[in-house]
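Working from the sequences, and respecting the hints, build out all of it.
Just so it is clear: in the sequence shown, position 22 is 22 by the numbering used here, and no numbers are missing.
Any given hint could turn out to be false.
[Stated by the list, open to error] Restraint ranges, calculated between C-beta atoms of paired labels, are given here:
hint, residue 1, residue 2, range
1, 39, 13, 14 to 24 Å
2, 13, 61, 13 to 23 Å
3, 13, 96, 16 to 26 Å
Rather than coming from a laboratory, the hints here were simulated on the basis of the structure.
Every residue gets a Cβ at the ideal spot worked out from N, C-alpha and C, and that includes glycine.
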Amino acid sequence: MDFEWEDITGIVVVGLLVVALGLTLAGIETVAGFDVLAAGESAVGYLAAGNFSVGVLSTGIFSVGIFAAGIFSVGIFAIGIFSIGIFSFGIYAAGFYAVRQHVKTSQ
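Here it is, written out as structure tokens:
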């Protein structure tokens, strides 16, 4: 059986969103001192959105997190114009998956 990492990415993201929804509906606002939902100029939290964001799921101009999306993003799964991560997608992407895709298409 062939296992592809990109197949499980969507399932993990949906699972994390369900956890965040469950925490929010339960009235839990912080986990380990960080907000579950954070938004603003600079946001730090489980789900973070802002110009400068750090979180498990983060989005913004400059974003850092396990799942990061933005112009400049750094994370295990990074999506952006300039992205750095093990699995990164973007115009200027650096990471294992980006390199592997390049090798596959050039053969």
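Structure-based check of each hint:
For residue 39 and residue 13, the Cβ-Cβ distance of about 18 Å falls inside the hinted range of 14 to 24 Å, so the restraint holds. Distance hint for residue 13 and residue 61: a CB-CB separation of about 20 Å, consistent with the stated range 13 to 23 Å. For the hinted restraint 16 to 26 Å between residue 13 and residue 96, the CB-CB distance of approximately 19 Å keeps it satisfied.
Going through the hint list in order, the structure satisfies each hint without exception.
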